[in-house]
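Asks: Chains as they are written, first to last, in the UniProt record's numbering: chain A, 1 to 489; chain B, 1 to 205.
A couple of the hints might just be wrong.
[To be verified] Derived EDC-like pairs: lysine to aspartate or glutamate, alpha-carbon spacing no greater than 16 Å straight-line:
| id | chain 1 | residue 1 | chain 2 | residue 2 |
| --- | --- | --- | --- | --- |
| 1 | B | Lys6 | B | Asp53 |
| 2 | B | Lys38 | A | Glu184 |
| 3 | B | Lys6 | B | Glu163 |
| 4 | A | Lys383 | A | Asp349 |
| 5 | B | Lys38 | A | Glu190 |
| 6 | B | Lys31 | B | Glu163 |
| 7 | A | Lys122 | A | Asp90 |
| 8 | B | Lys97 | A | Glu184 |
| 9 | B | Lys97 | B | Glu68 |
[Claimed, not checked] Derived coverage of chain A by chain B (criterion: at least 3 residues anywhere in the stretch with Cβ under 8 Å from a Cβ of chain B; other residues may be distant):
| id | stretch |
| --- | --- |
| 10 | 131 to 143 |
| 11 | 238 to 245 |
| 12 | 259 to 273 |
| 13 | 381 to 393 |
| 14 | 402 to 409 |
[Stated by the list, open to error] If you want a taste of the chain B side facing chain A, the calculated C-beta under 8 Å gives, among others:
| id | residue |
| --- | --- |
| 15 | Phe33 |
| 16 | Lys38 |
| 17 | Asp44 |
| 18 | Thr58 |
| 19 | Gln67 |
| 20 | Ala110 |
| 21 | Pro115 |
| 22 | His117 |
| 23 | Phe118 |
| 24 | Ala133 |
Derived by calculation from the structure, the hints in this document are not laboratory data.
Yeah, the Cβ is synthetic: ideal placement off N, Cα and C, and Gly gets one too.
One letter stands for each residue in the lines below.
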Amino acid sequence: MINLTGVENKVFRYYAIYARIYLLPRVAACDIYVICIIAVYNGVEGYVRESEGEEDVAELFHSLNGFEDLEPGYELLTKKGMLAERPSVDRLLPLTHDDFQQFVDDDGRVLDVDLLKQRIFKGGIHPNLRRELWCFLLGHNHWNATYIQREENKREKENLYFTMKQQWKTITLDQESRFCAFKERKSLIEKDVSRTDRNHPFFEGEHNPNVVLLHDILMTYVMYNFDLGYVQGMSDLLAPILYVTQNEATAFWCFVGYMDMVYRNFDMDQSGMKQQLMDVHQIVRVVDPELMSYLEVRDSANFYFCFRWLLVRFKRELNYTSTLRLWEVIWTGHPCPNFHLLVAVALLDTEKNTIMENKFGFTEILKHINDISLRIDLESTLKKAEGIYLQISKSNNVPDSVRKLLGLPIQEPSTSHKEEVVQEAQLLTSDEDGSLSGGLVGVVSSMIGSAVRHLSGDDLTTVSLEAVSSTEQEEAEKKFETALSHQFV
Amino acid sequence: MASRKKILLKVIILGDSGVGKTSLMNQFVNKKFSNQYKATIGADFLTKEVMVDDRLVTMQIWDTAGQERFQSLGVAFYRGADCCVLCYDVTSPNSFKSLDSWRDEFLIQASPRDPDHFPFVVLGNKIDLENRAVSTKRAQQWCHSKNEVPYFETSAKEAINVELAFQTIARNALAQESEVDIGHEFPDQIKLSNDNKAKQDACSC
Chain A
1 MINLTGVENK VFRYYAIYAR IYLLPRVAAC DIYVICIIAV YNGVEGYVRE SEGEEDVAEL
61 FHSLNGFEDL EPGYELLTKK GMLAERPSVD RLLPLTHDDF QQFVDDDGRV LDVDLLKQRI
121 FKGGIHPNLR RELWCFLLGH NHWNATYIQR EENKREKENL YFTMKQQWKT ITLDQESRFC
181 AFKERKSLIE KDVSRTDRNH PFFEGEHNPN VVLLHDILMT YVMYNFDLGY VQGMSDLLAP
241 ILYVTQNEAT AFWCFVGYMD MVYRNFDMDQ SGMKQQLMDV HQIVRVVDPE LMSYLEVRDS
301 ANFYFCFRWL LVRFKRELNY TSTLRLWEVI WTGHPCPNFH LLVAVALLDT EKNTIMENKF
361 GFTEILKHIN DISLRIDLES TLKKAEGIYL QISKSNNVPD SVRKLLGLPI QEPSTSHKEE
421 VVQEAQLLTS DEDGSLSGGL VGVVSSMIGS AVRHLSGDDL TTVSLEAVSS TEQEEAEKKF
481 ETALSHQFV
Chain B
1 MASRKKILLK VIILGDSGVG KTSLMNQFVN KKFSNQYKAT IGADFLTKEV MVDDRLVTMQ
61 IWDTAGQERF QSLGVAFYRG ADCCVLCYDV TSPNSFKSLD SWRDEFLIQA SPRDPDHFPF
121 VVLGNKIDLE NRAVSTKRAQ QWCHSKNEVP YFETSAKEAI NVELAFQTIA RNALAQESEV
181 DIGHEFPDQI KLSNDNKAKQ DACSC
């Protein structure tokens, strides 16, 4: 066993002192740099002397977790095991037709929507009831509509759909030649529908009419939302809906409802996806600091390997049956918003040992994550994800950013610590541009990284300390952002 | 000596959606073709060991999504590339026109040490189809204008020229890798400004 307290203290103390002194004025970066080298090198020396063998790596990562909460200037050390225990969770059988009847009055109105959604969350929907209930979950039908109103709604929306369908159907090839934006969208759709779920019986074989329907619905969606148009991944989201609803117009409107939930996945600048990757990062940091440290050390804290999971909501990872189940569970919005992020965290939790024991780096993690596709046990993943939610909701020390993500009430600022941070950050940003100060912290910490890399010549030490610096950097940047948003409030 | 160590060549395949990036990769690595490959989401890679002259090298071939808006995430995958394969579909003039922007984007995001001499290879795919729309001459001219980029016309479906193209890719990647190695013989210098900055920018979190 190695004791790293010395290293931690040294690195922290120097970092803290010098970051504090040098954050405000624009000093020559070299000064900080030299000082950091000395500070870190002293620490590294200590470690190199005391280190014995590889099994200490985990210990080392673990002991460095404390750095995650370093603020620019001060504060140290997370509290280990700060989350409540993760409860085990049971799931129910799928909601059947008989079950559903108990929620419906004589005219067809759904009475207790929230309770019904909870029930669906807990067990999903029996396949023969799906077509009806997906229309509710995806906003095609209103929960409080009567049978008659639903029929009317269906007719109206059908008309609207076929009107929009006529719009693109009547664009001639000649028009198309002067309508680039349309042509591009059309060409992308044609390419993608011909390779969407063609192994599934519903879409297989040449000249399959369902493939034509996929095409037509996506083209009509282009007319419905031309600005968003068609983006890869959308055909993956539509195919199961068409399969379940088995009706062109109904599938279209259900798809519209789904897109309303996930349209940020298809942002031109990908900011919605980047945000979600950052959200997963935030949650993993809270739920599993050990895994977080590991990923940071391995240059994998960008969570890009979750990209496909999130973009098409695990569609490529699960077989059809499980995809349908997962989606209806997520659509309920229970037990919290962004439950899909917890599904991702649960999957990472399941793969954690494989990743860490094999010492996977970014490339291997990506490969591994891509390879577990179709080998995921959905029910146990859902149990775990719900367990993580309950665990977070019962814990006191969860950062507001994560609480907000999961719709949990923001806690009163009981610790004066948080306010101090904000004040400090405000102080720092008052005469200097916030991003500049944040950037400087980043420069300092990445310099620590390169200094260590240069001086130690020891891979192990290098990676460990790099983790420290990148975490600090992110934390620091986050705090400044928080401070800035507080200012606007 | 450096020549004894295991060599890994990182190759990135870029090009518009549907030009056949995944198919080319699978034809080369698995000797298989399927017209049922799904649109690539995110990124994936396959590896294959090949002999270049008398050296055994491992090629790590990266396949990425072709739609423009997914490029902004490419940087995580482009890093450390030894060769970039630009693909277009000979039946699609637009996919040929995109080669410029794919090349530029790669150079910006991967920022190789010597962008003027970074090895690119261009593949004009789907020559098995009859409705060809980009002439060989036009493609060759483009490659000529970009510092003599090697050009191959391929069919992933019929396995035409795929092996040959990837041999060249491996050879050129290896040449690039060796140059980088020489650069590495000196201890890493500590750079205070630009490199660190670039590293920060690369992480979106």
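Asks: Does the structure keep Lys383 of chain A and Asp349 of chain A at a Cα separation of 16 Å or less?
Replies: Within the cut-off at roughly 12 Å; holds.
Asks: Given the hint that Lys31 of chain B pairs with Glu163 of chain B, test it: the Cα-Cα distance must not exceed 16 Å.
Replies: It holds: about 10 Å lies between the C-alpha atoms, which stays within 16 Å.
Asks: For the hint on His117 of chain B, just tell me whether its beta-carbon gets within less than 8 Å of chain A.
Replies: The hint is violated - His117 of chain B has no Cβ within 8 Å of chain A, the shortest such distance being about 25 Å.
Asks: Given the hint that Lys97 of chain B pairs with Glu184 of chain A, test it: the Cα-Cα distance must not exceed 16 Å.
Replies: holds (14 Å)
Asks: Apply the coverage criterion to the stretch 259 to 273 of chain A and chain B: a residue qualifies when its Cβ sits closer than 8 Å to a Cβ of the chain, and three qualifying residues are needed.
Replies: holds (count 6)
Asks: With a cut-off of 8 Å on the beta carbons, see whether Lys38 of chain B makes it to chain A.
Replies: This interface hint holds because 5 Å falls under the 8 Å limit.
Asks: Counting residues of the stretch 238 to 245 of chain A with a beta carbon closer than 8 Å to any beta carbon of chain B, are there 3 or more?
Replies: violated (count 0)
Asks: Under the criterion that the straight-line Cα-Cα distance not exceed 16 Å, is the pair Lys6 of chain B, Asp53 of chain B satisfied?
Replies: holds (15 Å)
Asks: Can you tell me if the stretch 131 to 143 of chain A counts as covered by chain B, using C-beta to C-beta distances under 8 Å and a minimum of three residues?
Replies: violated (count 0)
Asks: Do the numbers back the hint for Asp44 of chain B, that is, is its least Cβ distance to chain A under 8 Å?
Replies: Asp44 of chain B check passes; min Cβ-Cβ to chain A is 5 Å, inside 8 Å.
Asks: Hey, Lys38 of chain B versus Glu184 of chain A, does the alpha-carbon distance stay inside 16 Å?
Replies: violated (19 Å)
Asks: Once the shortest beta carbon distance from Thr58 of chain B to chain A is found, is it less than 8 Å?
Replies: Not OK, violated: Thr58 of chain B not within 8 Å of chain A, min 12 Å.
This entry does not satisfy hints 2, 3, 10, 11, 13, 14, 15, 18, 20, 21, 22, 23, 24, going by the numbered hints stated previously.
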